[in-house]
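A.B. asks: Residues per chain, in single letters:
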Amino acid sequence: MSQAGAPRITAFVCNWCTYAGADLAGTSRLQYAPEVRIVKLPCTGRISPLFILKAFEGGADAVLVSGCHPGDCHYTSGNYHARRRWGLLRKLLDLTGIDSRRLQFSWISAAEGQKFADLINDLTAKVREAGPFAGANPARKRLAPAPEEAQGPRRES
Amino acid sequence: MSPTPSLREDAARLLREGRVKLVIGYRAHAGGGQGPAVPEGACRAPLAGGGGRRPAFIEEAHRAGELVFDGACSQNLAAYLKKPEVRARMPLAIVASEAVGRSLVSLAAESQFAQGALLALAFRGERYEGVKEVEELAALAREAAPEPRRDPDIGRRLAELAAWPAQRRAEWWSARFSRCTRCYACRAACPGCYCQRCVTERNVPQWVSTAALGHGNYAWNMIRAFHQAGRCTLCGACASACPQGLPLMLLNTFLAAQAAEQFDVEAGLDPAAKPLIGTWDPEDDNSFFT
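Heads up: the sequence lines are chains A and B, in that order. Residues in the first sequence are numbered from 1 upward in steps of one, following my numbering. Residues in the second sequence are numbered from 158 upward in steps of one, following my numbering.
Same shape as in the complex, but just chain A (with noise of 0.2 Å):
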């Protein structure tokens, strides 16, 4: 949350369903708001952990990944690989400190303007709820290491 309170959130969406979904919602006139950064893929198969991490160090207060229901898959099946490594990935970054509320996963098909619409004020007022992430955010830049980063107990298992 950079200046003034308002949250950064970055959304990872599928050019088939969610970036159709967020494209209705605006055709339609839906008010919702305006913190969220999109960023169009191809497929949620191609979203890869890497995006996510990317995105945290760059200063993400959110990420939010979003693609086409199960079985609606474009590619077929490219939202079933994507929904695995989810399953594992946000596990994995929620033992070192980037929990649910900071990483938050749907499925918005093209007709779903309005559950684009909800989820993104949703999203939006449960991250402002959480308060900034930049000083607990454990991926974010930082162009030199805190001094008391540099005390961490020598060896453990």
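Just so you know, these hints were derived from the structure itself, not from any lab. There may be inaccurate statements among the hints.
To be verified - Straight line, CA to CA, 25 Å or less: simulated DMTMM-like cross-link-like pairs of lysine to aspartate or glutamate:
id, chain 1, residue 1, chain 2, residue 2
1, A, K91, B, D310
2, A, K91, B, E304
3, A, K141, A, E129
4, B, K431, B, E255
What the hints assert, rightly or not - Chain A residues, not near chain B, derived (Cβ > 12 Å throughout):
id, residue
5, T27
6, R29
7, Y32
8, P42
9, A110
Positions of the beta carbon are idealized from the N, C-alpha and C atoms, including for glycine.
Using the hints provided, position chain B relative to the given structure of chain A.
C.D. replies: Relative to chain A, chain B alone:
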């Protein structure tokens, strides 16, 4: 009776008969020292010490007498299969403790060597089991560990971490990752980290910063652990190799437990196993999607 004589006989026989071109095993280190002391709380002795054991690469039958095997042979020899100079000497035989055996089964499942290109001189504990094909090695591994083995200390540490608020977990991990010097010893020691070009070395675009600073260290350690999800056999080679003593086994054990819990996958037991990441099931957990 010490298992060493039959190990040496088998190794010599395989070389003499031309069934293998190379035997990888352990020999006693000329210095014979114990290396640096095992630090308090460390998983294993650091590789630098190796417990007075060194890897042995034997190409002539008359040198098979150098081979030894005992509890001090802790290095995971399967990591040498990444090296082109070793791969050029297939078919080869490798002295396989239970940990090495599981790594070999995992590599076989990922088609990292041709069928028949590798024989194991297999051990169960310190008991010599003879020359084994990969299939037999897998059977041995399943027999040795019918239930998944997890270090109870690590389980306790993970439960402790899970009970903390996210911010405290982040601070705890950041303090540990800040010690990482990005030497990639974890990667070098791991039999499973065999990509010829690692993602951390790709720089157009650069996904993982190579500077030994917080963000790059976090991304590297997350990606290293994640790329082992469902593949790591928990041999501990990465943690032993880490000169900074990062608690890598916490990450590995956590992901192995998740792979078992969510997808019923246990690495290193089935040479015909499908890769966890790369396959899917319509019945996979969908509960975390809104």
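A.B. asks: Which hints from the list above does the structure break, by number from lowest to highest?
C.D. replies: none
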